[in-house]
Amino acid sequence: MDGATPDDSNALEFMQRSLVHRGPDGHGSFVRGSVRLTMRRLSIIDVEGGVQPINNETDTVHVVLNGEIYNFQRLRETLEAHGHRFRTHSDTETIVHAYEEWGDAFVDRLDGMFALAVWDESRQRLLLARDRAGIKPLYFAIAGSTLVFGSELKAVLASGYVGRALDFQVLAHYLSLEYVPAPSSILQSVKRLESGCTLVASTSGIQTSRYWDLDLSQSENNPVQGSIAEHAGTFYEVLRSAVRREMVSDVPVGVLLSGGLDSSAVALLMSEVSNHQVPSFSVSFSESSYDESRYARQVADHVGTKHYELPMRPDDLVNTLPVLAGNIDEPFADPSIIPTYLISRFAREHVKVVLGGDGGDEMLAGYSTLQAHRIAPVYRSLPAWIRRGLVEPFVARIPVSNRYLSLDFLLNRFIRGADAPPYLQHQMWTGSHYGEDLTAILHPDIRSEIDDSCFHQMLADISGRSGAQHLLNRVLYQDFKLYMEGDILTKVDRASMATSLETRVPLLNVEVMTYLQKIPIDWKLRGLTRKYLLRKAMEGRLPASIIGRRKRGFSIPIAAWLNRELQPLVREYLAEDRLDREGIFCGAEVSRLLDQHSSHVSNHAKRIWTILMFQLWRDRWLENV
17 MDGATPDDSN
27 ALEFMQRSLV
37 HRGPDGHGSF
47 VRGSVRLTMR
57 RLSIIDVEGG
67 VQPINNETDT
77 VHVVLNGEIY
87 NFQRLRETLE
97 AHGHRFRTHS
107 DTETIVHAYE
117 EWGDAFVDRL
127 DGMFALAVWD
137 ESRQRLLLAR
147 DRAGIKPLYF
157 AIAGSTLVFG
167 SELKAVLASG
177 YVGRALDFQV
187 LAHYLSLEYV
197 PAPSSILQSV
207 KRLESGCTLV
217 ASTSGIQTSR
227 YWDLDLSQSE
237 NNPVQGSIAE
247 HAGTFYEVLR
257 SAVRREMVSD
267 VPVGVLLSGG
277 LDSSAVALLM
287 SEVSNHQVPS
297 FSVSFSESSY
307 DESRYARQVA
317 DHVGTKHYEL
327 PMRPDDLVNT
337 LPVLAGNIDE
347 PFADPSIIPT
357 YLISRFAREH
367 VKVVLGGDGG
377 DEMLAGYSTL
387 QAHRIAPVYR
397 SLPAWIRRGL
407 VEPFVARIPV
417 SNRYLSLDFL
427 LNRFIRGADA
437 PPYLQHQMWT
447 GSHYGEDLTA
457 ILHPDIRSEI
467 DDSCFHQMLA
477 DISGRSGAQH
487 LLNRVLYQDF
497 KLYMEGDILT
507 KVDRASMATS
517 LETRVPLLNV
527 EVMTYLQKIP
537 IDWKLRGLTR
547 KYLLRKAMEG
557 RLPASIIGRR
567 KRGFSIPIAA
577 WLNRELQPLV
587 REYLAEDRLD
597 REGIFCGAEV
607 SRLLDQHSSH
617 VSNHAKRIWT
627 ILMFQLWRDR
637 WLENV
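Here the sequence shown stands for residues 17 to 641, where the numbers follow the working numbering.
Be careful, since some hints might not be right.
[Said to hold, decoys possible] Taking lysine to aspartate or glutamate pairs in the EDC-like style, the calculated list, with each CA pair at most 16 angstroms apart, reads:
no., residue 1, residue 2
1, Lys207, Asp183
2, Lys622, Asp635
3, Lys534, Asp229
4, Lys622, Glu605
5, Lys170, Asp635
6, Lys322, Glu288
7, Lys534, Asp231
Rather than coming from a laboratory, the hints here were simulated on the basis of the structure.
Could you build the full structure based on these sequences and the hints that come with them?
Structure (C-alpha cells):
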C-alpha cells in the first residue's frame, strides 16, 4: 500500500488473513515506511525455498506473485548469463531479476498466469501487472493518497480503506451479462486491472497501460500459408508444447476432465508428455441431459489416466451455495461454478495442481452463438409474414422443457436477439436481462440510476477495439474480453482457489494464443462445425465419438431445481415484501417471473437465478455493513 499511514499495523494482517484459502502453506510481508506488501502462499515451485516477498541482492526490488511463470527456467538461464545471481529455485525470483534487466518490458517475456507487484525502492515506484488472458485476478482502489490492491475484492475491503457502496450501473451490467465486467467491480470505490495491463504508481501519479491484446486481425491481414491438415499438425505440436510447460511443478498435477473436446485434448497431451499416470477428475449428474460422465470415462480409458468421479446430488447445490457466497465476493450467476467448486474440492484431496480445457471455446469458436450469427442473416431475410405469422407463433407453442439446451429455450433465445446489432445480439443470446426486461425487474428508485446507453457503448467499444473486419472475429474478441475474463476465468479461479487448488489453462498459453490469432475464422468455424482445427488435430488421437459430439458445457439443472430443491432459498431471498423493502428489485415483477416459471408458462431460470445469486451475495457482503 503506497501512501498508507505507517502506524496502521492491522490492515496488512486483515488483508492476508482474508486470502488464506488462496495460500494455506504460509505467508510473508514487507514493510518499509508507507509501503507494505503481504501474500499468502500455495507452494508449487521450490516448496521449501520460494518464500515471498522476494528481493534482489541490494534489497531495492521486492516482488510478490500470485500464479506461475512457466518459462522461469529459461529466463533464469538468460539472466544468469547476464550476471544475475539467484538464491532460490522459485519462479518468483525470476521476476526480480527480469525487472532489473529489462525494466517494465519484462512482462512481455513472461509465459504464465499471474498477478504480481514489484516495488522499486530506489525509484519509489510500484508496478502491478496481470497476465494476458486475465487468468489471475487483481483488484485495486485509490483512497486519498493510498493505493490498496489484492487478488480478491475481499482483501481490498479487509484493508478498511474503502467503502461498500453499490455501483448501480455495474449492477445493471451484471443483470444483463450474469457477471461483472472488467475494469469495473460491483462497488463504486474498487476497480480491476484488466488482462494484459500494467499499473504504475509513483510520485507522478497512477498510470495504466496495455502491454498485450488479442489481435484477430492478423488472420485477416496476413493470409495463412499451408493447408488446414498441415496446420492441424502444427497446432497439435504447439498445444503439446504448452501442456508440457504448464505441467512444471514440484507437487502432483492432475486434469479436470469433463468429456468435452477441450479437456479431452488436454488429458491426452498430459498423458503423452508425463512420466507418470495422470490423475483425472470428473463429476456426474443424475439428470441425463446434463451428465457427461460416460464421455469422461471413455476418454480416461482411452488415454490411460487414473480416473476419479464425483457424483453430484441436488443437496450438494443447496449446501454449497452459502459457501460460495462467502468466497465469491462479487455477484456471479454462472451456475457451473457449483460443480467446478465441488470437483475442485474433490481433486484437491489427491493433487495440488490441475490443468483444464478452459479458453478453447473463445480461441477456437466453440460456442453455439457463433453458429447463430451465421444463421441470423438468413432468418432476417425471411418475409415478415413468415417470421411473425408462422415462426414466432410456432415457437411460442413449443412446450417448456427443463432439459439442458432444450429446443424451446434455444429457439426463443434465437428469436429474442435476431434483430439486434451484432455486438448486442451476442449478449442477448447468452445473458439474462435487457431493455424493458431489465427496467421491469428494478425497483423504481433504481431505474433512474441506470443509463442503458452505457451498456451498449461498452459492447460497441469492445467490438470496435478488436481491429477485425470479420463479424465472427469481432464476436470472438468480445467473448475473449468479456465472457472469458468475466465469467469463465473468474469461475475457475474462485472455485478452485477456494479449495486451495491451482488450475492452469494451456489453451490460453501465450504461444497457443499467438498461434491461433493468425488462423482464419473459417478454420475455427467451418460452416456450422465449431472448433474445426482442434477436431482435425485430434483425428486418430481421440475417439471419433468425442471429436464429433455436440458441446454441452458444464452446467446443472437450475430450471428444475428452482421449482424443487431451491424453493426454500427462493421463498426466503425473493419474497415480494423483502425485495420491495430492500429497494433494488421490483417484488411484483420478480413474483410474476417465479409464477410463470413454476407453472411452466416460460423458462425464466436464467433471469431468476441471476437475481437470486445477487441476493445471496448482498446478504453476505452488504447487508450488515
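Against the structure, the hints come out as follows:
For the hint pairing lysine 207 with aspartate 183, the CA-to-CA distance comes to about 11 angstroms; that is within 16 angstroms, so the pair holds. For the proposed pair lysine 622 and aspartate 635, the alpha carbon gap of about 20 angstroms is over 16 angstroms, so the pair is violated. With a C-alpha separation of about 13 angstroms, the suggested pair lysine 534 and aspartate 229 falls inside the 16 angstroms cut-off, and the hint holds. Proposed proximity of lysine 622 and glutamate 605 is supported: the alpha carbons are some 15 angstroms apart, at most 16 angstroms.
For the proposed pair lysine 170 and aspartate 635, the alpha carbon gap of about 15 angstroms is at most 16 angstroms, so the pair holds. Between lysine 322 and glutamate 288, the direct Cα distance comes to roughly 14 angstroms. Compliance with the 16 angstroms bound is thereby established for this hinted pair. Between lysine 534 and aspartate 231, the direct Cα distance comes to roughly 8 angstroms. Compliance with the 16 angstroms bound is thereby established for this hinted pair.
When held up to the earlier numbered hints, the structure conflicts with hint 2 and nothing else.
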